[in-house]
Amino acid sequence: MHISTNPWVWIAAILTLAIYSFLYKDNPFYKFAEHLFMGLGIGYGAVLLWYNSIIPRLWNPLAHGTSPTRFFLLIPIALGLLSLGIFSRRYSWLIKYPLAFYMGAVTGLSVPVAFEANIFEQAQGTILKHSMFSNPWLGISNIIMFIGVITTITYFYFSKQHRGLLGKSARVGIVYIMLAFGASFGYTVMARISLLIGRMQFLLHDWLGIIK
Amino acid sequence: MIMFILLSTITVKAFDTPNDGGKSITIKAYNVPETVKKALVYRKTEGDTTYTLAGVMSILSYRFMDADSTIKNGKPYYYRVDFYFPDTVISVEADSPGIAYAQWYDKTKTSSLIFLIVFSTFVLVFIQLAKKDPEGLYIRKIPALDAIDEAVGRSTELGKPTFFVHGLLGITDAGTLAALTILRRVAKKVAEYDTPILVTNYDPIVMTASQETVKQAYTEAGRPDAYNEKNIIYLTYEQFGYTAGVDGLMVREKPGAIFLQGYFFAESLILAETGHSVGAIQIAGTTAKEQLPFFVAACDYVLIGEEMLAASSYIGREPVMLGSVKGSDWGKVFLLAIIGIGVAIGTIGSILQSAGNGALMNVFEKILAFF
Amino acid sequence: MLKKQIPLAITFITGVIIVVTFFIPHPPFGRLQQDALTWYSVIFGFTMLLGVDSLVKFHYTKLRRREKGWWFSIVFYCGFLLSFITGVISEIRFGDAFNINSSFMYFYNTILVPLQSTMFALLAFFIASASYRAFRARNIDATFLLVTAVIVMLGRVPVGYMLWHKLPDLTSWILNVLQLGPMRGIMIGISLGTVAMSLRLILGIERTYLS
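As you go down the protein sequences, you meet chains A, B and C in turn.
Here this note's numbering is used: position 8 in the first sequence is 8, and no number is missing along the way.
Here this note's numbering is used: position 174 in the second sequence is 174, and no number is missing along the way.
Here this note's numbering is used: position 99 in the third sequence is 99, and no number is missing along the way.
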């Protein structure tokens, strides 16, 4: 046994055990770790935002840039300042302006991306091609996949009652969905267990030196 | 002799890179023997006496895109490509200079444009039809949304608060907007039943939107005085810090009902399991398909993907909203029709191709490439 | 008008412009999408102040009123000030808070990373408890979930091969074929739903964000 003498390893180990104590029940050690975590998290987030967003996208172009179009950045600054109106009861409604810009910009961005990246690629992959039937087992597998896509889409058909053919198709769809969820669940179990192994290795090797 | 043959077969063309904003020229080589080891592209402009290295051409596609910052639109650039073979180097100049231009329309996005127009037409048409005949609209049962009243009622009976946990994405996420709609319904119910509510937020803008939503809900329920801004809290901007905070609140406050609504990542199972351990009825909803299995395993009701996005139509039952859902459904029918037609053409084309006629198969390949 | 109509008009105009510029590569339209993302991140920087303010006020109120668990708010402030001040000091000293030798990164690696990893590692326990409950198969749908989950779990470990040598192949087939169809269907549904919601937002039909 070779216990670590590094105080920071001890701090990390104590915080690890404090978080794990939550599995038993809520206690002051967990509360301490929780509040420390939240404080560190918000401080880290603020610094990250400053360095990844404000400095490269705002400060550097305005202070050191040469392009005349950089003064358009005054518009998002103005919108950002409007959002601070929330601090005043009288002017709290001003946040609707930056919010409106957000919504317009991001929904505008998401519409074509949804088509290109999600819908078309998935649809193209679903269309059965001759090459998918190079051997009988591959052909059967692709038909099963094809049926899965079609029936799952019919499950999400909202504007008609699920009766008759639509109802049967939707029922098959939900069965497919449950099978898929089970597969995802089973796939992730090992990955999650390995996370625990990582922390155990830290405690037993780095901290206590019990294992090599 | 071999050098002469190689020189006479290899051709190089320089042309404007299509479907872009300009300042880019594509250089393509044709009839290059497979024994080539590498190919270097050189560039010069009018007035230059010597070529300068522009880059390395791919010997898989024999294509090089010159998007150097010095390239200007409308100016001719001359190119030469040096092909390195095992025993020799062949230099071939482009038969004409390349001139870059900016295009006003990206042809590769035509399929997106067509589908956008078709889909938007469906949505707008059904919204108009819905305004004329609101009774003719139907939306199927979504059990998780029907369970909202039951969950809040149970919480009230037990004398416990109701928790609403937002996901980790901002207000620009469709799932987060859907969560706000559900929050409005939940908040209205808790206002009517006089049950405490606690709303946790990861994003500061979602927090302000949640405050406005809950305030509005309390006003609609006739209880504006009962609204307490301090019940809508911002925890932190760190994924697992948020999870730790929500978990701590769950075990301390012991809510009767928990709503996990929004986009979640790995922390989904931690939140759902902690919620189950305190004995709360849980209704989850997310568009994160990777987390759905965990919510299905751990929660009582789950809104699967698009069911969450239909929440605003389901809860409000406004004709206009129901019309847009119907329009969206017709978009699915259109997509299924395209897939079906594609499969039919591909199947028939394949049969005909094996009989010696490949025309329909060519059509099929073009349809696939169009996507 | 100022509180409803103008924001709706901003959403409509911005949304339409951004959608249209997706199809037009010619400057200045081709750049507009990138510029919109830049503006979005700048505005978000300001709104972060709202979150910090909310948290600071929340914990200050707890401290001032000596509410239950008030001294944990001191811990919160310590954590916040630790990361924030070291960020500022590191910037002054190194010109970059994320310099590997900076005190900011040191505290990140020695305190924040272990906390994150441990919270993440809690999943090992929670997935075990979720599995226990999920596998009790209350109804036919849960049975389907149970069957594929057990097959995939066993198929990914050596004992699965020992039980049946074809189990890893069956697992691979379930993950690459059986699972693919529904996941595609769900993704298509979510994408179409997102587009429908985006259209409702741009047209001003959906106004949840304005409350």
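Worth flagging that the hints you see were computed from the coordinates, not collected in a lab.
Computed from a predicted model, the values in this text were never measured in an experiment.
From the three backbone atoms N, C-alpha and C, an ideal C-beta is built for every residue, glycine too.
The reader is advised that the hints may include incorrect statements.
[As the list claims (entries may be wrong)] Once the Cα atoms are required to be at most 30 Å apart in a straight line, the calculated DSSO-like pairs of lysine-lysine come out as:
| id | chain 1 | residue 1 | chain 2 | residue 2 |
| --- | --- | --- | --- | --- |
| 1 | B | K160 | C | K4 |
| 2 | B | K230 | C | K166 |
| 3 | A | K31 | B | K230 |
| 4 | C | K4 | B | K131 |
[Stated by the list, open to error] Chain A stretches covered by chain B per the calculated footprint, using a threshold of three residues with CB under 8 Å from any CB of chain B:
| id | region |
| --- | --- |
| 5 | 17-25 |
| 6 | 29-42 |
| 7 | 57-70 |
| 8 | 107-113 |
| 9 | 122-133 |
How does the region 122-133 of chain A fare against chain B when you require at least three residues with a CB closer than 8 Å, holds or violated? Three-residue rule met by the region 122-133 of chain A, so holds; n is 7.
Given the proposed pairing of K31/A with K230/B, does the C-alpha separation stay at or below 30 Å? Cα-Cα ~20 Å, so holds.
Can the restraint linking K160/B and K4/C be considered satisfied, given a maximum Cα separation of 30 Å? violated (37 Å)
Taken at face value, is the distance from the CA of K131/B to the CA of K4/C at most 30 Å? holds (22 Å)
Taking 8 Å as the C-beta cutoff, is the stated coverage of the region 57-70 of chain A by chain B satisfied by three or more residues? Coverage by chain B is violated for the region 57-70 of chain A (0 residues, Cβ < 8 Å).
Can you confirm whether chain B covers the region 107-113 of chain A, using C-beta to C-beta distances below 8 Å and requiring at least three such residues? holds (count 4)
With a cut-off of 8 Å between beta carbons, are at least three residues of the region 17-25 of chain A near chain B? The restraint on the region 17-25 of chain A holds, since 3 of its residues have a Cβ under 8 Å from chain B and three suffice.
How about the region 29-42 of chain A: do at least three of its residues have a C-beta closer than 8 Å to a C-beta of chain B? holds (count 10)
Agreement of K230/B and K166/C with the hint, judged by alpha carbon distance not exceeding 30 Å: Violated, at about 58 Å.
Consistency with the previously given hints fails for numbers 1, 2, 7, ordered from lowest to highest.
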